[in-house]
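Participant: Each chain, letter by letter, is given below.
Protein chains: 2
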Amino acid sequence: MEATRKILELNAFDMNAAEGLAPEVTSLVRRRKETFGPTSMLFYERPLNLVRGEGVWLHDADGTRYLDAYNNVPSVGHCHPRVVEAVSRQIGTLNTHTRYLYSNIYTYAERLLGTMPGPISNIVFTCTGSESADFAIRVSRAVTGGTGFIVTDNAYHGNTSAVTEISPSSASAEPRPPYVFIVPAPDTYRERPDAVGARFAKDVREAIAKMNAAGIRLAAFIADSIFSSDGVFPGEPGFLAETIAAVHQAGGVYVADEVQPGFGRTGEKMWGFDRHGLVPDMVVMGKPMGNGFPMGGVAIKPNLLEAFGSKSGYFNTFGGNPVAAAAGLAVLDVLEEEGLQQNSFETGAYLRSELRISGADSVGDVRGTGLYIGVDIVTDKQSREPDRDTAEKIVNGMRDRNILIGIAGRHGNVLKIRPPLCFNREHADIFLDGFKGALADAS
Amino acid sequence: MEATRKILELNAFDMNAAEGLAPEVTSLVRRRKETFGPTSMLFYERPLNLVRGEGVWLHDADGTRYLDAYNNVPSVGHCHPRVVEAVSRQIGTLNTHTRYLYSNIYTYAERLLGTMPGPISNIVFTCTGSESADFAIRVSRAVTGGTGFIVTDNAYHGNTSAVTEISPSSASAEPRPPYVFIVPAPDTYRERPDAVGARFAKDVREAIAKMNAAGIRLAAFIADSIFSSDGVFPGEPGFLAETIAAVHQAGGVYVADEVQPGFGRTGEKMWGFDRHGLVPDMVVMGKPMGNGFPMGGVAIKPNLLEAFGSKSGYFNTFGGNPVAAAAGLAVLDVLEEEGLQQNSFETGAYLRSELRISGADSVGDVRGTGLYIGVDIVTDKQSREPDRDTAEKIVNGMRDRNILIGIAGRHGNVLKIRPPLCFNREHADIFLDGFKGALADAS
Chain A
1105 MEATRKILEL NAFDMNAAEG LAPEVTSLVR RRKETFGPTS MLFYERPLNL
1155 VRGEGVWLHD ADGTRYLDAY NNVPSVGHCH PRVVEAVSRQ IGTLNTHTRY
1205 LYSNIYTYAE RLLGTMPGPI SNIVFTCTGS ESADFAIRVS RAVTGGTGFI
1255 VTDNAYHGNT SAVTEISPSS ASAEPRPPYV FIVPAPDTYR ERPDAVGARF
1305 AKDVREAIAK MNAAGIRLAA FIADSIFSSD GVFPGEPGFL AETIAAVHQA
1355 GGVYVADEVQ PGFGRTGEKM WGFDRHGLVP DMVVMGKPMG NGFPMGGVAI
1405 KPNLLEAFGS KSGYFNTFGG NPVAAAAGLA VLDVLEEEGL QQNSFETGAY
1455 LRSELRISGA DSVGDVRGTG LYIGVDIVTD KQSREPDRDT AEKIVNGMRD
1505 RNILIGIAGR HGNVLKIRPP LCFNREHADI FLDGFKGALA DAS
Chain B
1105 MEATRKILEL NAFDMNAAEG LAPEVTSLVR RRKETFGPTS MLFYERPLNL
1155 VRGEGVWLHD ADGTRYLDAY NNVPSVGHCH PRVVEAVSRQ IGTLNTHTRY
1205 LYSNIYTYAE RLLGTMPGPI SNIVFTCTGS ESADFAIRVS RAVTGGTGFI
1255 VTDNAYHGNT SAVTEISPSS ASAEPRPPYV FIVPAPDTYR ERPDAVGARF
1305 AKDVREAIAK MNAAGIRLAA FIADSIFSSD GVFPGEPGFL AETIAAVHQA
1355 GGVYVADEVQ PGFGRTGEKM WGFDRHGLVP DMVVMGKPMG NGFPMGGVAI
1405 KPNLLEAFGS KSGYFNTFGG NPVAAAAGLA VLDVLEEEGL QQNSFETGAY
1455 LRSELRISGA DSVGDVRGTG LYIGVDIVTD KQSREPDRDT AEKIVNGMRD
1505 RNILIGIAGR HGNVLKIRPP LCFNREHADI FLDGFKGALA DAS
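Protein sequences, first through last, are from chains A and B. With the numbering used here, you'll find the first sequence wraps up at 1547, consecutive numbering, no jumps. With the numbering used here, you'll find the second sequence wraps up at 1547, consecutive numbering, no jumps.
Okay, chain A solo, but in the shape it has when bound (with noise of 0.2 Å):
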């Protein structure tokens, strides 16, 4: 517990060091304290007041513009002007529920399902990535008649009561259920990455196995297949075959929670699931679905769906509303119109490769796919020992250099950077300029 909560505060302001900052800053400190109380968490040393956005740039009421290599949500880019046209035209005309017809949901539908393999045909939507991996919980119980879940030690799937439950990176005040397994993540850099995948296998199935011996079945292996909060482990694509096999055998289903990788964020693929050549029974999407428009959904197998309709109700009140259905259109138009995939393959490819030649005794391991990047900070490359501090300082000498990135990993020592998928060369440019001299400062 004490370990989660450190990690849970990693990069957070401290609320009663408000002092030093700017009177406007201060300001919107003591109005946050006041209305959010004093445990919601800001992040930076010095944190941000932002007032506009566009493409890969933030920009602060003093008129500093941040280069933006941490938010996923806005994966088209802040403010992409398809998504606001589309958002304002639907809104001003239709918003309404999915409990009358109207037909653009059925459009998204169609073209969001056709990205998938073609067993998954069905959807559901809600507003979250919470909601739908909420969602997918209670039909991974449903159709398995199990209720147990294996997950990895620092994962993270949402907020709910029922996915704290399975997000073991989540500070809670209540102790694990007993129907929740954990397996280590698979650290590509701290074990042989060649034999991660039979090793991952063989904890799952142990799992499984210690889970009966416990009396209990098992209902679902969910994970998100680049293992972000674990601290963005992609592996070898197809590390994870074994893994859902063993899931299936057991009468297990397997949930991918795309809400990471999905939307061509990995470069190679549409899907974290289509880089291990896999077909899941539900997958689990959201931030980055609407460009920053509440909207998340479970696309899954019609087989699993019928089941659970047929004895259970779900209806979300703003789920797959037209206005939803318009956001995620502009969205899928513009990954494809501006080449996104590809350039989140080429990009990320550059950025890692420049970041390797930093050379430097700290930056243990660059690792990742696309455009989600994970740096493992450590004390020296012999020892490999995780570095906290140092990554903190990292990501604070990089907010002082104004380039936005974050932290991940059960260490909290891996520096997470997933930019808006139209990060290119040039931001990464100016982005390795300042890790330049973020690093030397922190070393």
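Please note that a few of the clues may not be correct.
A pair holds if it fits inside one copy or across any two, identical chains being indistinguishable in the list.
[What the hints assert, rightly or not] Using 25 Å as the maximum straight-line C-alpha spacing, the simulated SDA-like pairs for lysine to any residue come out as follows:
| no. | residue 1 | residue 2 |
| --- | --- | --- |
| 1 | 1415 | 1120 |
| 2 | 1415 | 1265 |
| 3 | 1137 | 1222 |
| 4 | 1485 | 1293 |
Worth flagging that the hints you see were computed from the coordinates, not collected in a lab. All values derive from a computational prediction rather than experimental measurement.
Got chain A; can you put chain B on it based on the hints?
Facilitator: Same frame as chain A, now just chain B:
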């Protein structure tokens, strides 16, 4: 279970009956079935194919307009220009999350909390009423150390795993958990109205005693103060006071679910709990908050939020984003400037008195507060026997007259009338004219 299933399917379109419909509707139904699956529920014997909304009107693809007396999400009117303008402007300017500072979310939080009783001075933003209720469950458990919940027998509080457990009206394959206790809703039509408060409090005290006898401590009593899904029972102002005193005495918290009664809907007050002179420990908000922009929130006493937040993390990616703040502020502006609470009070009172005049034997009871009205349809006034078939006929008869209403109640016999709050006397007269015809045809 069977009874619940039937009620969920009330006013549902038969997905296999598409053949008699217009070709365009048939095609949409087919596309819906292929993408959403056959268990996704659509309203009406003849579903609506909508293309446009404005004020209290919805328009279908054939150019027919429908008087909307059902939808409480677009509470200040479909596509209200002030909300449309606010959302369109903000979504093109900045849309990020609450780990950065931006002033409009604090302005909104201050304005919203300013409408609450003094002790409720903190807020946590979410995206939906379901997320809000789910968060309230987490907090209730964390701060009381209890796990037990008390709800009414046909309550609906949302769709997550945890919230479904405390929503007896939801069809669910899973049995009710041992820590959820139900009490009969305050049926002011079939009980003595002046005795319902004492009876309800007695049942809640007994539920607490049973719970304690089973070794379970009370976490929370949660109710929507107009008991909407139970069949619309606002009751006499103040009748809940004895119940809440018992809840507090047992160490539980009182969660007011204001998704239905909040934001001026009751006409008498801004909030449903205000009608009873109560100060809840938490206030759950959703549906009308952003007039259709997906947003929700939990207003909370600061000591409870701090007790929760000191041990548990909560972050909602889309919750409280700048666009939600803009939508929420516009809704508060319109409510005030257009005097919608007062209109709700006056038009609601007018509608109820005119509905009572009909004198039909099947109109057993007309009740409600403001523009939340329930009409209890019975076989005859003597027996007060719920008559679901006639209620369904009236709903479809109203739809044939281009007027939209719904159904509530554990017997599925209560007409649910809750139009946008800009529904005025002229609209009420159109409504009453249609009602006369639909009632005559159904009788």
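Participant: Which numbered hints turn out to be false for this structure?
Facilitator: none
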